[in-house]
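Per our numbering, residue 1 is the first one in the sequence shown, and the count goes up by one each step.
Derived by calculation from the structure, the hints in this document are not laboratory data.
Predicted model only: the values in this text are computed from it and were never measured.
Idealized CB from N, CA, C, for every residue including glycine.
The reader is advised that the hints may include incorrect statements.
[What the hints assert, rightly or not] Between beta-carbon pairs, the in silico distance windows are:
id, residue 1, residue 2, range
1, Lys124, Glu61, 45 to 55 Å
2, Ile67, Val141, 36 to 46 Å
3, Ala15, Ile43, 19 to 29 Å
4, Thr116, Ala150, 16 to 26 Å
5, Arg143, Thr24, 36 to 46 Å
6, Glu50, Ile152, 27 to 37 Å
7, Thr116, Ile86, 17 to 27 Å
8, Tyr40, Lys77, 31 to 41 Å
9, Arg84, Leu131, 26 to 36 Å
10, Ala15, Lys83, 38 to 48 Å
[As the list claims (entries may be wrong)] In silico SDA-like pairs for lysine to any residue, Cα to Cα no more than 20 Å straight-line:
id, residue 1, residue 2
11, Lys75, Ala96
12, Lys146, Arg136
13, Lys38, Glu61
14, Lys146, Ala96
15, Lys94, Arg143
16, Lys57, Gln69
17, Lys115, Ile132
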Amino acid sequence: MLEMKKCSKCGEFKAPHMFYKDKTKKDLLSNWCKKCKKEYRAIYHEKNKERISQTNKKYKEKNKERISQTNKKYKEKNKEKEKRYIQKYTEENKEALILKDRKRIEMMSNYYIVKTLRQQGIPKDQIAPELIELKRAILKVKRAIKQKQANIST
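Work out the full structure: start from the sequences and follow the hints.
Shown next, in the form of structure tokens:
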């Protein structure tokens with residue numbers, strides 16, 4: 001096993017664990033150290049953002065079903081892990097989540113409220129500004145009740 005290896009980019013001698021593995025190389029290690037490789041990737045990504053974005057978008061479109069199945073399998077396999085993560089995140093960020101929810105309620109767009117009213121079967125021409133404000137108030141009250149119930153149960 002190698003004790004030290006020279007990075008062909010920065011010229012420094014470093015321990016083998018400072019290089020990525022590369023099966024194509026004789027010593028099974030990349031020519032560049034992790035630090036140099038990381039810097040190169042950051043610069044490359046910055047210069048090629050649009051191209052990388054387009055490539056990723058095409059891949060996602062082409063492999064939509066495969067990605068969906070993979071995500072589904074992962075979620076099924078890691079239900080408890082995800083549940084614990086969400087609980088921990090909620091506990092650690094309770095105040096921030098409450099503020100975010102309050103802002104969302106305040107910023108409730110007329111579009112969202114009209115959409116909920118339409119889903120309840122009210123024709124668009126019967127939705128007056130007063131009805132929108134009333135629905136906004138109802139939604140605020142419902143969310144406040146839900147919040148209180150969540151606080152009581154914890």
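For each hint, the structure was consulted:
no., hint, in the structure
1, Lys124 - Glu61: 45 to 55 Å, "violated (33 Å)"
2, Ile67 - Val141: 36 to 46 Å, "holds (40 Å)"
3, Ala15 - Ile43: 19 to 29 Å, "holds (25 Å)"
4, Thr116 - Ala150: 16 to 26 Å, "holds (21 Å)"
5, Arg143 - Thr24: 36 to 46 Å, "violated (57 Å)"
6, Glu50 - Ile152: 27 to 37 Å, "violated (50 Å)"
7, Thr116 - Ile86: 17 to 27 Å, "holds (25 Å)"
8, Tyr40 - Lys77: 31 to 41 Å, "holds (35 Å)"
9, Arg84 - Leu131: 26 to 36 Å, "violated (42 Å)"
10, Ala15 - Lys83: 38 to 48 Å, "holds (40 Å)"
11, Lys75 - Ala96, "violated (26 Å)"
12, Lys146 - Arg136, "holds (15 Å)"
13, Lys38 - Glu61, "violated (28 Å)"
14, Lys146 - Ala96, "holds (17 Å)"
15, Lys94 - Arg143, "holds (15 Å)"
16, Lys57 - Gln69, "holds (18 Å)"
17, Lys115 - Ile132, "holds (10 Å)"
In summary, the numbered hints that this structure violates are 1, 5, 6, 9, 11 and 13.
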